[in-house]
Every structure is written in structure tokens, then in C-alpha cells.
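Novice: All chains, please: the whole structure from these sequences, using the hints.
There are 2 protein chains.
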Amino acid sequence: MPRLPEFDREEVLDNALSLFWSDGYEASSISKLLRAMNLNRGSLYSAFGSKALLFSTVLDHYMAYLQCHLFNCTLVSVEDPCEAITSFFDKAFFEPDQSQLANGCLFFNAISELSNNEPELAGKARESVHWIRQLFYTRLLEAKQLGKVDSGQDIEGLADYLIALVAGLRTLCKSGANTAVLRRVIDAGLSTVFIR
Amino acid sequence: MPRLPEFDREEVLDNALSLFWSDGYEASSISKLLRAMNLNRGSLYSAFGSKALLFSTVLDHYMAYLQCHLFNCTLVSVEDPCEAITSFFDKAFFEPDQSQLANGCLFFNAISELSNNEPELAGKARESVHWIRQLFYTRLLEAKQLGKVDSGQDIEGLADYLIALVAGLRTLCKSGANTAVLRRVIDAGLSTVFIR
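These protein sequence lines are chains A and B, in that order.
Just so we're aligned, residue 306 is where the first sequence starts under the working numbering, counting upward by one.
Just so we're aligned, residue 306 is where the second sequence starts under the working numbering, counting upward by one.
Do not take every clue at face value.
Identical copies go unnamed one by one, so any copy, or any two together, can satisfy a pair.
[To be verified] Once the Cα atoms are required to be at most 30 Å apart in a straight line, the calculated DSSO-like pairs of lysine-lysine come out as:
#1 K429 / K337
#2 K396 / K449
#3 K337 / K356
#4 K337 / K449
The set of hints was computed from the structure by calculation and includes no laboratory data.
Specialist: Have a look at this one:
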């Protein structure tokens with residue numbers, strides 16, 4: 306499959322990501338994608354194969370974006386595990402502008418929209434969420450070893466719980482929740498995790 | 306607008322609900338809807354007006370279903386407010402079979418899929434979620450007055466938090482989470498709400 310030059314590829318993937326993230330998979334018709342990506346039909350199919358394959362590539366592109374802008378500077382690199390987790394929530398929910406927050410998370414959007422219709426694409430999004438869950442798990446285990454999580458707590462359960470909290474917050478964002486609502490939900494949600 | 310006979314109307318709305326709930330709004334094409342509802346095009350448009358109006362009617366139908374099968378027997382009628390809330394989670398996440406759980410919640414699905422494309426339909430789903438949030442709020446306030454919620458807790462925040470928890474759990478269900486995962490997330494999630 307011929308590749309577009311790198312600089313074009315990044316830009317067209319950014320544009321495809323914007324459309325899929327905002328409008329979802331089904332509502333992003335090929336004609337909308339062509340307009341958004343500024344490509345003709347032949348270039349789109351020769352570079353990406355199909356709408357489903359394009360979406361799969363966009364999921365990778367989104368993961369790379371999150372790693373660079375969210376995970377690496379919080380869950381991965383912050384030394385204290387409790388601060389790593391709280392800084393993740395701060396960066397995820399208080400740094401992006403309102404319009405980006407209103408798009409929710411592409412992974413959860415894909416799981417919600419596509420689990421029954423496009424199970425392979427939803428499955429790929431689910432794998433990414435599982436990868437994030439493992440990041441939470443690793444830092445929670447470390448926090449427990451440092452005595453910052455109650456020794457009776459089930460770390461597997463807390464990792465699943467943090468994923469549910471993120472997914473729930475993303476849905477609140479799509480509902481237009483303001484920062485005060487997000488703040489109090491995060492405060493309530495994290496109060497069960499760490500020893501106060 | 307002519308109405309179908311009551312018995313037909315319930316049945317065709319059940320069938321439309323099944324399709325929208327499983328496949329989402331955009332992927333439920335008119336031809337799929339006609340097959341699922343066993344109607345011809347003329348009857349569908351004369352009875353429901355348009356796909357968007359049909360979806361709006363289906364949202365009302367889903368709310369009536371939830372009131373009858375979920376809210377009335379938990380949040381509305383259980384006397385003790387803590388039991389009312391815990392029974393809501395038990396009934397919502399452990400009674401339905403796996404295939405129904407995997408559909409998630411039609412309101413959150415609509416908010417996730419349609420907030421940017423069909424804001425009126427997403428807005429209607431959001432109003433329903435707000436109504437559920439007010440049910441949580443009322444019972445939480447009662448629990449606080451009974452000393453079962455810490456007197457320092459912000460009840461508005463806890464009501465938003467419970468909605469986020471439900472939305473997150475619905476996303477886990479769409480990801481295929483098993484009952485053990487749902488159980489530990491609910492246990493972790495509710496442990497912050499009531500005085501232990």
C-alpha cells in the first residue's frame with residue numbers, strides 16, 4: 306500500500322481524527338472524510354484501504370497523541386503514584402478546551418457506538434483501554450506498597466473502577482458538564498482510592 | 306398524525322428500541338428499521354414522521370420501560386435510601402442477561418453518539434439522565450438527614466458522581482466486563498458514598 310509523505314499523512318490523520326472524534330464512525334461519511342482530509346477518493350483508498358482501516362489507523366494516531374500529551378507526562382513519568390493518578394485526571398479533564406472535552410474519548414466513543422456493529426474496531430479501542438487500565442494497575446500497586454492505598458483494597462478492582470470513573474467523566478463531558486461538576490465528581494471518585 | 310392501534314404500537318416500538326439500543330442511531334438505517342419493525346415505509350412515516358421523531362418516541366418508550374422495570378422498584382419505592390440506591394445498582398447490572406447488558410444504556414449511547422450530530426436527540430437523552438440524577442439526589446439527601454451519609458459530603462456532587470458511576474459501568478458492560486468486574490467496581494464506587 307503506497308504511503309503518503311510523512312507530513313501529509315500526519316495532517317490528514319489529524320483531520321480524520323477530528324471528524325471521527327466529533328461525529329462518530331457512522332456519521333463520518335466518506336464524502337465528509339474526503340472534505341475534512343482534503344483528499345480525493347482514490348488517494349484515500351490507496352493510502353488507507355477502506356473506511357474501517359482508516360478508522361483503525363486513526364485509533365493508533367489517537368493513542369500516539371494521548372501518549373504524548375496525557376500518559377507520558379502523568380501516569381508514566383510522575384514519580385509519586387498518587388500524584389501520577391491525580392495529575393492524570395487534572396490533565397485529562399481541566400486542560401483541554403470545552404470543545405475538545407465535548408468530544409469525549411475516541412476509545413469510549415468507539416466502544417459505545419461500535420461494539421455490536423463493528424466488533425473488530427470496538428475491540429481495538431477496548432485493547433487500548435485495557436492498556437490504560439494496566440497503567441493504572443501498576444501505579445496503584447506501587448501506591449499500595451508505599452502504604453498510600455489501604456492494604457485491604459483489591460488493586461484489580463480499583464484499576465477497573467478508575468477506568469469506569471474515566472468513562473463516566475467522559476460521558477459527563479459529552480453532556481456538557483462544567484468544570485465545577487467535573488471537579489466534585491473527581492474529588493468524590495478519588496476519595497475512595499487513597500488513604501485520606 | 307394517525308396512530309397505529311395500541312397493541313401494534315407497543316410491539317413496533319419494542320422492535321425499534323431493540324435495534325436502536327443494539328446498533329445505535331446512525332447504523333439503524335430506515336431499511337433495517339422497516340425489517341425490525343415489520344412495517345412498510347408509508348406506515349412508518351405516517352405513524353412516526355421521520356427517523357429522528359421515531360428515535361425521540363423510542364427514547365420515551367425506553368424511559369417508560371426503565372421506570373417500570375428499574376426505577377419504581379428501587380429508587381422510588383425502597384424505603385431505606387441507602388438500600389434504594391444499592392438495589393438500583395444490583396437490579397441494573399446483575400438482573401439483565403449478558404446480551405442486554407452489552408447494549409449499555411440507550412440514554413448514554415445517544416449522548417455519546419449524537420451530542421455533536423443530533424443535538425436535539427442527545428439533549429432529550431440528557432434530560433432523562435438529569436431526571437435520574439434528581440432521583441439519586443433526593444435519596445442521597447434523605448440518607449444524609451438520616452446520618453447515613455457523612456454530614457460534610459456535598460450531595461449535589463455525590464448525585465453527579467453516581468451518574469458518572471452508572472455511565473462508566475455501562476461502558477464497561479459494552480466492553481464485555483463480567484459480573485465479577487461489575488461487582489468490584491460497584492463495591493469500590495459505593496464505598497465512598499455511605500458511612501461504613
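Novice: A separate judgement is required for each hint: does it hold in the structure or not?
Specialist: Verification of the supplied hints:
1. K429 / K337: both (23 Å within a copy, 26 Å between copies)
2. K396 / K449: So K396 and K449 pass the 30 Å test inside one copy only (23 Å; across, 32 Å).
3. K337 / K356: Classified as both; 12 Å inside a copy, 21 Å across copies.
4. K337 / K449: neither (48 Å within a copy, 51 Å between copies)
Hint check: a violation occurs at hint 4 only; the rest are consistent with the structure.
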